[in-house]
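Engineer: The lines below spell out each chain.
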Amino acid sequence: MADHGPDKGIKRWLYTTNHKDIGTMYLIFSLVMFFIGGSMALVIRTELMQPGLQFVHPEFFNQMTTMHALIMVFGAVMPAFVGLANWMIPMMIGAPDMALPRMNNWSFWILPVAFGILLSTLFMPGGAPASGWTMYPPLVLQTGDAFPFLIFSVHLMGISSIMGAINIIVTILNMRAPDMWLLKMPMFVWTWLITAYLLIAVMPVLAGAVTMLLTDQFFGTSFFLAAGGGDPVMFQHIFWFFGHPEVYIMILPAFGVVSEIIPTFSRKPLFGHDSMVYAASCIAFLSFIVWAHHMFTVGMPLSGQLFFMFATMLIAVPTGVKIFNWIGTMWRGSLTFETPMLFALAFVFLFTIGGFSGVMLAMVPADIQYHDSYFVVAHFHYVLVPGSIFSLFAAAYYWLPKWTGHMYNETAGKLHFWLSTFFVNLTFFPMHFLGLAGMPRRIPDYSTQFADFNWMASVGAIGFGLSQLIFVYVLLTCKKGAKATDRVWEAPKGLEWTVPSPAPYHTFDTPPVKRVAQEAFE
Amino acid sequence: MMRKLLCSVPGLVWAGAASADYAVNMPKGVTELSAETYEIHMLAFWWCVAIGVVVFGAMLYSLVKHRKSKGVQPADFSHSTMAEVVWTALPCFILLFMAVPAAETMIKLEDSRDPDMSVVVTGYQWRWHYDYQDSDIAFYSSLAESSLKARRLESGIDPYSVENYLLEVDNPLVVPVGAKVRVLLTSNDVLHAWWVPDLAIKKDAIPGIINETWFKADVAGTYRGQCAELCGKDHGYMPVVVEVLEADAYAEWIAGQTADTTGSNE
Ligand code: HEM
Ligand SMILES: [Cu+2]
Ligand SMILES: [Cu+2]
Numbered sequence: 001m002a003d004h005g006p007d008k009g010i011k012r013w014l015y016t017t018n019h020k021d022i023g024t025m026y027l028i029f030s031l032v033m034f035f036i037g038g039s040m041a042l043v044i045r046t047e048l049m050q051p052g053l054q055f056v057h058p059e060f061f062n063q064m065t066t067m068h069a070l071i072m073v074f075g076a077v078m079p080a081f082v083g084l085a086n087w088m089i090p091m092m093i094g095a096p097d098m099a100l101p102r103m104n105n106w107s108f109w110i111l112p113v114a115f116g117i118l119l120s121t122l123f124m125p126g127g128a129p130a131s132g133w134t135m136y137p138p139l140v141l142q143t144g145d146a147f148p149f150l151i152f153s154v155h156l157m158g159i160s161s162i163m164g165a166i167n168i169i170v171t172i173l174n175m176r177a178p179d180m181w182l183l184k185m186p187m188f189v190w191t192w193l194i195t196a197y198l199l200i201a202v203m204p205v206l207a208g209a210v211t212m213l214l215t216d217q218f219f220g221t222s223f224f225l226a227a228g229g230g231d232p233v234m235f236q237h238i239f240w241f242f243g244h245p246e247v248y249i250m251i252l253p254a255f256g257v258v259s260e261i262i263p264t265f266s267r268k269p270l271f272g273h274d275s276m277v278y279a280a281s282c283i284a285f286l287s288f289i290v291w292a293h294h295m296f297t298v299g300m301p302l303s304g305q306l307f308f309m310f311a312t313m314l315i316a317v318p319t320g321v322k323i324f325n326w327i328g329t330m331w332r333g334s335l336t337f338e339t340p341m342l343f344a345l346a347f348v349f350l351f352t353i354g355g356f357s358g359v360m361l362a363m364v365p366a367d368i369q370y371h372d373s374y375f376v377v378a379h380f381h382y383v384l385v386p387g388s389i390f391s392l393f394a395a396a397y398y399w400l401p402k403w404t405g406h407m408y409n410e411t412a413g414k415l416h417f418w419l420s421t422f423f424v425n426l427t428f429f430p431m432h433f434l435g436l437a438g439m440p441r442r443i444p445d446y447s448t449q450f451a452d453f454n455w456m457a458s459v460g461a462i463g464f465g466l467s468q469l470i471f472v473y474v475l476l477t478c479k480k481g482a483k484a485t486d487r488v489w490e491a492p493k494g495l496e497w498t499v500p501s502p503a504p505y506h507t508f509d510t511p512p513v514k515r516v517a518q519e520a521f522e
Numbered sequence: 001m002m003r004k005l006l007c008s009v010p011g012l013v014w015a016g017a018a019s020a021d022y023a024v025n026m027p028k029g030v031t032e033l034s035a036e037t038y039e040i041h042m043l044a045f046w047w048c049v050a051i052g053v054v055v056f057g058a059m060l061y062s063l064v065k066h067r068k069s070k071g072v073q074p075a076d077f078s079h080s081t082m083a084e085v086v087w088t089a090l091p092c093f094i095l096l097f098m099a100v101p102a103a104e105t106m107i108k109l110e111d112s113r114d115p116d117m118s119v120v121v122t123g124y125q126w127r128w129h130y131d132y133q134d135s136d137i138a139f140y141s142s143l144a145e146s147s148l149k150a151r152r153l154e155s156g157i158d159p160y161s162v163e164n165y166l167l168e169v170d171n172p173l174v175v176p177v178g179a180k181v182r183v184l185l186t187s188n189d190v191l192h193a194w195w196v197p198d199l200a201i202k203k204d205a206i207p208g209i210i211n212e213t214w215f216k217a218d219v220a221g222t223y224r225g226q227c228a229e230l231c232g233k234d235h236g237y238m239p240v241v242v243e244v245l246e247a248d249a250y251a252e253w254i255a256g257q258t259a260d261t262t263g264s265n266e
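So the sequence lines, in the order shown, correspond to chains A and B. Position 402 (the first sequence) corresponds to 402 in this note's numbering; numbering is contiguous. Position 137 (the second sequence) corresponds to 137 in this note's numbering; numbering is contiguous.
You may find that some hints are simply not true.
Cut-off 25 Å, straight-line C-alpha distance, at most; resulting in silico cross-link-like pairs (BS3-like, lysine-lysine) [said to hold, decoys possible]: (1) K414(A) <-> K184(A); (2) K414(A) <-> K479(A); (3) K414(A) <-> K68(B); (4) K414(A) <-> K493(A); (5) K11(A) <-> K479(A); (6) K414(A) <-> K65(B); (7) K414(A) <-> K70(B); (8) K233(B) <-> K28(B); (9) K233(B) <-> K149(B); (10) K493(A) <-> K68(B); (11) K414(A) <-> K483(A); (12) K493(A) <-> K65(B); (13) K8(A) <-> K493(A); (14) K483(A) <-> K493(A); (15) K8(A) <-> K414(A); (16) K493(A) <-> K70(B); (17) K108(B) <-> K180(B); (18) K180(B) <-> K216(B).
Don't read these hints as lab results, they were simulated from the structure.
Generate coordinates for the entire structure from the input sequences, incorporating the hints supplied.
Structural biologist: Have a look at this one:
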């Protein structure tokens, strides 16, 4: 086995069962999706730069908002974390590969098909789906020819995610190095284990919801059609029963990444490792009982509203614990500020701002004002862009030397960081004001009183988009960088730093001996 | 002294912003509940600021003081039960402080008993229909002609030249000041949401369901809002305008309305 290298050419990538190859494909795929989804965001922001319609028709505008969100959520953020899981989990737990390598290949290759279908709807009669990523009926049923393709592609994404999640759980539970008992696992592995359970629990729910849409449209059922005795609000309950855990699916692995990086550059062990695990589990549990906080305006009984308000506010407690623990990790450490650390620190700062607006959103009377306004747009972009996406950049810079064997260009990395951080705030901070002043979300044009902040947000978005080209430059020039050592950084912990850089095609053919494992952790 | 303060740069920016009517915060509105909603929003906001000062303060302190470049040797502690208990328990109490007033307002918001009048609001793609339950006044309310022309792609009309661009309708909802108005919402096609920030109400209009909310405006005036639930291509073009009139002006309006309809019936 050990002397058996990768196939040559395209076959290597089509048939591969190697976790590193598959991880790389996931990561590249998600980067491509990030740019496609990002271009759509720029169409949106260009149109919104000034009041009046300048560039696109409202129909197309709605297609852009819908496709942007679907692509970013299912095409960029989720596959990127699965890519990291593929690359890192086996190396972090001392396993030779993922437990189910053929299924691993399958779960990746479904994705390009799913997104090929989704993107092809742009060229269909009636255009791409335009009813928002939430796909609320009855509006979604007004989608043109794209409708069944939307449903089918969502099914494919779900299948891919479920297979990925099964693989991750089986790998973590069965293939750990000797003596790596559960509470000794690195945080990234822990958060992914929890995320994988969330995925298995909720992706089938989404599949059920969209299947009911399909039968309502084509097979005469009336799950969500009032005229046939159905209930349009039921879709929202089912969707958000998936949707709220979904937002944690997009942030828990990010917590894991940051919990790896901050200790390394603080030269200090992670503060409160076990309480981090409990906090993440708590968040995962609570995420199942807060879904209706997305629906405070649909008309729920008072008792229901009160329950969902209290439960939602509770999530802030374990989330706070995480943030305090990261600061506890930095406290009296010996800090340095390489690019991965910079992104991780910005994550802690800016994710916290998103958490603050989350707590405000949980207060029902205020949420009645905030709901479906730009305030919500500001909230979820703060948790998703400087949250999930920044953690992905942090992870990429952190492990790139391990993946490629070369140090990336630190100056370019820092430039990427500073520009991204400046522009992300310029883009999303003014959106709080817009929402409070009364601007609804998902509109292609607005009253002139909203003009200035929209202009700022659009300038920010264009700047942010362009700054991402620096990241591509860093990736393309990485091969020219200095050779990386095995440990890469001064004081990283974990088994992945005990193997050479670049990591050989096969690692841990035999489980690491106890001594290695202990050295890596203590 | 005062003048000096006013002339300072931030003072100027602030004054400029105020005169240009840049809203950066939630409006206090014109109902008892909109004022309470504003208070809850500010309460949550100031708690977030306070927590932010502590959290970001600690973080910044660490970023400045605990740098390797200052020759700091890393400590090696990795937990502190005391700290962990405190920062789990304390937020629970803070949340309680926020939850109680929020719950109180929620209870009032739900109490739509004993209204002075009721209006059925029906959402259509893409306009509103108002039906006064206590008289036979009923009419559609659509985006005003002036905005309708200017909103087209390449219309050549500067939105700034249109008064209340996208926030003007042909027939506003007219209600008397100080009356408790019960709003019953439903929809004829897809979901819509009826939102007027100054009245602090937003409620979904859902086909097959009748939703209920209410407001009691204490100040006469014209209050503008928009549909807040994506309802298709012209979702951005179905504003809500509520005109709150003094009692006599309202009586006049009612008289005019009924005269109109009888006129057209003959
Ligand atoms: C302190 C923790 C959080 C709280 C209390 C919270 C609360 C809320 C509430 C109440 C809403 C609904 C607002 C509305 O539509 O009226 C919301 C929306 C949203 N949140 Fe959070 N949130 C938190 C963290 C997060 C995280 C970590 C993420 C993802 C990484 C996230 C992503 C979203 C998204 C995507 C939406 C909008 C979905 C849509 O309508 O399309 N939130 N949040
Ligand atoms: Cu949620
Ligand atoms: Cu609408």
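Engineer: Indicate, hint by hint, whether the structure satisfies it.
Structural biologist: So, going through the hints one by one against the coordinates:
1. K414(A) <-> K184(A): Distance of about 33 Å is beyond 25 Å: violated.
2. K414(A) <-> K479(A): Distance of about 18 Å is within 25 Å: holds.
3. K414(A) <-> K68(B): holds (18 Å)
4. K414(A) <-> K493(A): The hint holds at about 23 Å.
5. K11(A) <-> K479(A): Holds, at about 23 Å.
6. K414(A) <-> K65(B): Holds, because 21 Å separates the two Cα atoms, which is no more than 25 Å.
7. K414(A) <-> K70(B): At roughly 21 Å apart (the allowed maximum being 25 Å), K70(B) and K414(A) satisfy the hint.
8. K233(B) <-> K28(B): violated (31 Å)
9. K233(B) <-> K149(B): Within the cut-off at roughly 16 Å; holds.
10. K493(A) <-> K68(B): Measuring from Cα to Cα gives roughly 18 Å; hence the hint holds.
11. K414(A) <-> K483(A): holds (19 Å)
12. K493(A) <-> K65(B): holds (24 Å)
13. K8(A) <-> K493(A): violated (34 Å)
14. K483(A) <-> K493(A): Answer holds: K483(A) to K493(A) is near 20 Å, not above 25 Å.
15. K8(A) <-> K414(A): The given pair, whose Cα atoms are some 35 Å apart, is violated under the 25 Å limit.
16. K493(A) <-> K70(B): holds (23 Å)
17. K108(B) <-> K180(B): holds (13 Å)
18. K180(B) <-> K216(B): Distance ~5 Å between K180(B) and K216(B) Cα, so the pair holds.
This entry does not satisfy hints 1, 8, 13, 15, going by the numbered hints stated previously.
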